Structure formats: structure tokens, C-alpha cells
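If you read the protein sequences in the order shown, they are chains R and B.
Quick note: the first sequence uses our numbering, first residue 1, plus one each step.
Quick note: the second sequence uses our numbering, first residue 1, plus one each step.
Quick caveat, the hints were computed from the structure, so don't treat them as lab data.
These numbers come from a predicted model, not from an experiment.
Please note that the accuracy of each hint is not assured.
Repeated chains share a single entry, so a pair holds when one copy, or any two copies, can fit it.
To be verified - No more than 30 Å apart at the CA atoms, straight line, and that leaves these computed lysine-lysine pairs for DSS-like:
{"no.": "1", "residue 1": "K59", "residue 2": "K27"}
{"no.": "2", "residue 1": "K183", "residue 2": "K140"}
{"no.": "3", "residue 1": "K287", "residue 2": "K273"}
{"no.": "4", "residue 1": "K43", "residue 2": "K287"}
{"no.": "5", "residue 1": "K183", "residue 2": "K75"}
{"no.": "6", "residue 1": "K287", "residue 2": "K112"}
{"no.": "7", "residue 1": "K249", "residue 2": "K287"}
{"no.": "8", "residue 1": "K183", "residue 2": "K249"}
{"no.": "9", "residue 1": "K273", "residue 2": "K249"}
{"no.": "10", "residue 1": "K59", "residue 2": "K287"}
{"no.": "11", "residue 1": "K75", "residue 2": "K59"}
{"no.": "12", "residue 1": "K112", "residue 2": "K140"}
{"no.": "13", "residue 1": "K75", "residue 2": "K112"}
{"no.": "14", "residue 1": "K27", "residue 2": "K273"}
{"no.": "15", "residue 1": "K43", "residue 2": "K249"}
2 protein chains.
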Amino acid sequence: MEQQQIIFSNNLQDAIGAALQGLDYNKVVILTDVNARQFALPKVADLPVVAQSPLITIKSGDINKNIEAAIAVWKQLESAGATRRTIIINIGGGVVTDLGGFAASTFKRGIKFINVPTTLLGAVDASIGGKTGVNFNGLKNEIGVFNEACAVIISTIFFDTLPDCELLSGYAEMLKHGLLSDKQYLAALLNHDVIDGNREELLELLRRSVIIKRDIVAADPHEQGLRRALNLGHTVGHAFESLAMRRSKPVPHGYAVAWGLVVELVLSHIAYKFPAETLHSVAQFVKENYGTFTIGCDDYADILALMRHDKKSLRGEINCSLLADVGDLRLGSTMSDDDVTAALDIYRDMLQ
Amino acid sequence: MEQQQIIFSNNLQDAIGAALQGLDYNKVVILTDVNARQFALPKVADLPVVAQSPLITIKSGDINKNIEAAIAVWKQLESAGATRRTIIINIGGGVVTDLGGFAASTFKRGIKFINVPTTLLGAVDASIGGKTGVNFNGLKNEIGVFNEACAVIISTIFFDTLPDCELLSGYAEMLKHGLLSDKQYLAALLNHDVIDGNREELLELLRRSVIIKRDIVAADPHEQGLRRALNLGHTVGHAFESLAMRRSKPVPHGYAVAWGLVVELVLSHIAYKFPAETLHSVAQFVKENYGTFTIGCDDYADILALMRHDKKSLRGEINCSLLADVGDLRLGSTMSDDDVTAALDIYRDMLQ
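With the rest of the complex left out, here is chain R (with noise of 0.2 Å):
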């Protein structure tokens, strides 16, 4: 696969101009939806490429991320004169990234799209990586493609419009990267605050959070190997995701992440003896940040039951990818129901 651009600027115009730049198009058309319209075009309202493009807007929220949806957009595109050569800017988050990148890449078999993902999580994860795809039948993302957007433009000037919990739910990823790097970047993570920090810092933080991801995808562009390290801390934090959901009190899906990324960082003292500093510092700061997510043993069964039911596992087992140590990966370790109990219990005394 092609490493495709990612430009990281907060000169909005000079970089849809980069993006654009050497693409042979004839039109523009601007993807949204109603929350980015309202928050986040504002911004960029502006610049000529967008006040002179159709727009398209799609409804917000992931329970609208669905084929319906993306028949509406085909239709759309349709009547906007759409050919194809003409390119999609996708301005929103992971629903219209996703969604965006998915009826680009199959109407007309294909034409480009450039995503401009306006949350943290976007910008740090659903953005790149070439998942496109839409919710189908019940189940997430179940129907798209791995494609490419020939360019994304990261920038935390949409941010400042973000409330705290999606910002630190998209932070929960760049801990991720952080972990599965290097101890330097970590640690500047650690220091850092989402909240009220620097925003060209911010950037600075995503710049190296992006490259890290870049590199895994390019590596494993159809999620065949290394790209499950990707899953660190997810296997848990799906788990605890559904069972908040059994519990009608959904939590974030960045939270979750946080607090798997603590329970898989025990399980990975255990089976790999990852450095219980490390270990600490990190549900310190999860714990500061995210607060906790309560279990008790009664919830056991019910976890191990979801880790197993888990998408990426198979035959039954509990599988994760586990740390050695920051940057030192364990792709794909096999867990007995005991290590996850233990972890489970640690958990509880760490955070709770």
C-alpha cells in the first residue's frame, strides 16, 4: 500500500492546499455531519475550497454510521455531478471518516477522499489506517473496505470546541501509541495535559502518535499480524464497554480503552513481567484522568465471557497483545482464565 500524506498543520488552508496539490480532479465535495457542521465548519468555513464546494451532511452519532446512510451520500454525490474524478473532503469524526471513506471508495469503484478529522480520536486513530465502513445488522463497521485516504490533514484547531470527555477518549489512543513505542514519548505523554495544555504541543504529541500508527498499518495493512498490537488494551476495554452497556450506563469508548490498557498492562506484569513502575505510573495517571471503571467479582464471569467472545479471538481462547516492556511486544499471548481474575483483582486495587 502506498504510505498516503498526513499533514499536520493548523494552517487550514495551506493544507487542503498541500492535499490537493498534483491530484488530477475536476471537483470538490465536502462530507460533514451535523455536529462537525455546527462546531467544527465553522472554522474552515471560510477558506474558498469549502464555501465554493457542495456540501453533503450526514446525520451525526454512531448509530447513524449505516448503509442507509451511505446510499443517501451515492445519492448525493449524484446530484452534486460527481464523476470520477472528483474528490471527497471528509470534515467530522470517525462516523464521517468512516462513513465518508466508504462511499468514496465505492462509488464509481472508487474515486479519492481526503479525511480532516475534527476530534482527537479521529485525528489520532480513525482517520488513518484505511478502515472505512458502516454498521450493519447489529454489528460495528461490518460492512467496508481497507482504503486509503490519499491524504489526512491533522489539526487541533477544531479541538477547543471538543468537551473534556472526547478529548481525553482520543488521548486514550495516543497512551496506547505511547506504550507500544518508546519510553521517552510516554513519559512526555504522562506530562502532558489534554485538557488545558499547549495546543501545538497537542500537535507535536499527535504528529509522533500518528507516525507510530502509520508505521503499523504500513507494516499490516489488512490486519493480519503486527496490527493487532493495535488491539492493546482493547480486548479488556470492549469488555467492559458491553458490560457497561449491559448496565445501561455507557461509558466512552476512549475510557474503556484507558482502563483495558491498565488491566492488559497487569496481565502483562504477569506473563511477561512489564515493569511495575511503568505499570504504576499509568494507572496513575489513568485513574487521575479517566476516574475508575467499578467491577466486582461478581462481574468476573461476564468479562472473561465477552474477552472471549471477542472478535479477534478465536476458537474460544482469551487472546491479547501483550508489552514485555514499553515498545516490546507479545503479539498474540494466549491468557488462562486465572491471569485475567488476578489482573482483574489488581485492577480493582489500583484504581479502585
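Position chain B relative to chain R; hints supplied.
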């Protein structure tokens, strides 16, 4: 793009075994349509892989090659327990391989599929080249992706159940491939009796035709240059098809291509001195096998307008891929209304 495996064989047991060999999969699902289920499937129904796999049947006919049918296939894949490691075997004509290829390419961001074309047109054209998709909003193949089957099995065992007009329709694409390659192969095609001829001989002719197409596609998977050569006969052919539709007397696609080839060879003769002798032998073959599409001077304006609106034409010019000789391409030749008018006159002299 990795070159796909193409297996030429009338032993389907061995062919499917060879196609599946070395693939990592946990389940096979068979996709077919109502027609193919009735006429073609009985030829392979006893093979264990077919008998023991879930079967999904879609409606026949290009009119049913739509997004609703793709949605129904996705749902049935889920009911059948399909995972990322499931392989779909598409058994049918172009509707089945186009739609089945699209459904597979988008299910869980893409699962593998094998094409077993049961029509000559499917074998020589639709099943190879990676064009998948569905019609949408009145436009042909408007939604889809470029994605090759991991294997295509070419066999003539299904052809005895095909109406003559379907055999001839597919054969027109083979004539096109002959014109794009070399005189010896073209001569062999003009000497073969596709209706009553030997099926092993046809399989050999098919092998040559499929390899020609595969090599052109491999050189230009996304249709940006050389692949336009495969459009030979189609600019005029599509115009004739549309005209027939307006007259409420639709003609088979391949017939329109056969007549279109004659007109475009005349244009090739006018523009590049394509040899008169070859032109006449092709025209003779077309007249004998396909009859003629009757046009009068009154139709010229319509035909010119339709050619100008061909989806491959830019800026309203009339643009064809022509030939200076058999195998000697002149891609993207622009021609005047006078040239086209002259060519239509000569076509009428030769065929009417």
C-alpha cells in the same frame, strides 16, 4: 495488483480443489442466481464442496443487480455464520460474479471469493479483471470496487445449457480480444463454430482470450490507460444498445459489441488504414452470425449524440480506441462527426 489464479479445466472437482488449495479458510459459501441454480448448478451439485456448503441464491437479471440484493447477501452471509476467513464461490453469469464480488469485497472489509462463470460472456469478460459492483439509481455499475477474485475457474461444461444468443454474445468479446492481439488468433476465432463446435477447442480459444484480458488488466488495474483498449467496439456498441432500447427492441450486449466492432474497424481504416481485408472478414463473420442492426440516416444524429455522452468520453468529444492493424492500438483517438458518418455509411453497405 497480484495476478489472480486462473484455472482452465472441465474437471470442476479438481479445479475447485486447486483454487482452494493453500488458502486459509474455515468455511465456503456458494452464491448463485435463480437461472444458474436451475441450469448450471446441477453440473456441480454432486461435488462435496458444493453439496456441503450453505447456498445463497439471488434473483437473475441485471435489473436485480442492485444494492438491495447486496444487502440481502450480506445478511445471509451472517446467517450462514460467515467470518473473515470464509470464502465465497460465485457460480453464475456476470450478475452473480459482479454482485458476489462486491458483497465479498465489502463484507467485514473484504473476504476472499472465487468466480466460476457459467456463461461465455462471464468467462471471457465479467469474471476476470476485478470489476465488482451493482447498478444504482439507474446507472450501471455505479457502486462497486476494484477487487480481483483470488481464483477464477474457466470451464465450458456449463455452456450446453446456454441459448445460442448468449454464446454469441460472449464470443463478440473474444473477437475483440483477437483484434487486440494477433492475426493468427483472430483467424482461429473466425474459423471456429461457437454454437456447434468442439468444447475443448473453445476452452483453448478461451484460454488465449482470458490471458489477453488479464495481461491488459494487470498493466492497468484501475482503468487509467491501456485498459481502455478493452473498450474497442463498445463506444459504437453502447450507442446501438441505447438506440435499440429507445426503439423498445433491446439487443444483447454482445451483439451490439459485434456491430460496434465493425463500425470501429471502419473508423480504424479511415483514420489509420486498418487493413481492408481483415475488416471485411470480420464484417462477414459478424453478418453471418449476428445479422445486422438496421440504422438509417435519420438515426445518425442520435448515434453521434450517444457516442459523445459515452462515460469514457471527456469534454463531449467522440473518443474511441482504434487500431492501425490487428494488435496495433491507437488509444483515445478523437474523431470528427464526418468520420463517424462516413463509417456508418460503410457499415450499412457491408451489413445491411
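We went through each hint and held it up to the structure:
| no. | hint | in the structure |
| --- | --- | --- |
| 1 | K59 x K27 | within (24 Å within a copy, 37 Å between copies) |
| 2 | K183 x K140 | neither (33 Å within a copy, 54 Å between copies) |
| 3 | K287 x K273 | within (22 Å within a copy, 80 Å between copies) |
| 4 | K43 x K287 | neither (33 Å within a copy, 65 Å between copies) |
| 5 | K183 x K75 | neither (49 Å within a copy, 46 Å between copies) |
| 6 | K287 x K112 | neither (42 Å within a copy, 44 Å between copies) |
| 7 | K249 x K287 | within (19 Å within a copy, 74 Å between copies) |
| 8 | K183 x K249 | neither (35 Å within a copy, 73 Å between copies) |
| 9 | K273 x K249 | neither (34 Å within a copy, 77 Å between copies) |
| 10 | K59 x K287 | neither (34 Å within a copy, 56 Å between copies) |
| 11 | K75 x K59 | both (15 Å within a copy, 24 Å between copies) |
| 12 | K112 x K140 | both (24 Å within a copy, 20 Å between copies) |
| 13 | K75 x K112 | both (17 Å within a copy, 28 Å between copies) |
| 14 | K27 x K273 | neither (55 Å within a copy, 39 Å between copies) |
| 15 | K43 x K249 | neither (33 Å within a copy, 56 Å between copies) |
Consistency with the previously given hints fails for numbers 2, 4, 5, 6, 8, 9, 10, 14 and 15, ordered from lowest to highest.
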